[in-house]
Amino acid sequence: MSAEGEMKTEATKQEVQTGQSEPVAPGGPEPDHNADKVNKGGAVPEDSQPIIVDKPDAETARQEMDTDKPKIDEPIAALTLYGFILVMSFVVMVEASIECDRANNCSDERGWAVTVSVISIICTGVAIALEMYTDVCSDIIGVIFAFFLLLLWSGGAGVLTFRAPFTATGNGYFASWLAWFASAYLVYSESPFLKRRVSEVFSAYVL
Numbered sequence: 001m002s003a004e005g006e007m008k009t010e011a012t013k014q015e016v017q018t019g020q021s022e023p024v025a026p027g028g029p030e031p032d033h034n035a036d037k038v039n040k041g042g043a044v045p046e047d048s049q050p051i052i053v054d055k056p057d058a059e060t061a062r063q064e065m066d067t068d069k070p071k072i073d074e075p076i077a078a079l080t081l082y083g084f085i086l087v088m089s090f091v092v093m094v095e096a097s098i099e100c101d102r103a104n105n106c107s108d109e110r111g112w113a114v115t116v117s118v119i120s121i122i123c124t125g126v127a128i129a130l131e132m133y134t135d136v137c138s139d140i141i142g143v144i145f146a147f148f149l150l151l152l153w154s155g156g157a158g159v160l161t162f163r164a165p166f167t168a169t170g171n172g173y174f175a176s177w178l179a180w181f182a183s184a185y186l187v188y189s190e191s192p193f194l195k196r197r198v199s200e201v202f203s204a205y206v207l
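Using UniProt numbering, read the sequence shown as starting at 1 and increasing by one per residue.
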């Protein structure tokens, strides 16, 4: 072997002993320094190990989002609607009494206005008491109350505002229709089946 070959062999041995990789030819792959470190120490350094981050699944993320949203308690919502219908019923009763005194007659449509408002006051008063002190109104009884009030005010608002005595816009006119709308929304909130069907129709034809 020539002297030049012996010098190259000696230089290569020194590079291997010191941990240096062989020179790379132009255009060739770069040396893997991590592989040298693994061969020397037996483990990959911490700075070169991949960092694994735990990602929450879709269900967990959705539950966290739902907990952040403000929720309306169903009994409180029902109490609010019953209370609103009760107030509107008082307004209709007062306006109907005024119309009876003005006409000196409390029969026919005027008598119907008084009847509807008094029945509504009694019904909503009982429903509020049941909502506050028992759990009866949270089941089928609540649905019955809601449908009864809707039917009552459908006949009440229809007759009182289209025939007499609240054909002109005023307190009695607006109170009658507000009581009807509140009763309709009460039916929606108290009936899980109806609420589910409305959501399905809204999702299918609106969204």
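These aren't lab readings, by the way, just hints derived from the structure by calculation.
Do not rely on the hints blindly, as some may be mistaken.
Unchecked claim - Derived DEER-like restraints, expressed as beta-carbon distance ranges:
1) Arg102 with Ser203: 47 to 57 Å
2) Ala103 with Ser154: 36 to 46 Å
3) Arg102 with Ser199: 22 to 32 Å
4) Gly170 with Asp135: 38 to 48 Å
5) Gly170 with Ser203: 12 to 22 Å
6) Val198 with Ser107: 14 to 24 Å
Note that the Cβ used here is the ideal one computed from N, Cα and C, for glycine as well.
query = Which numbered hints does this structure break?
reply = 2, 3, 5, 6
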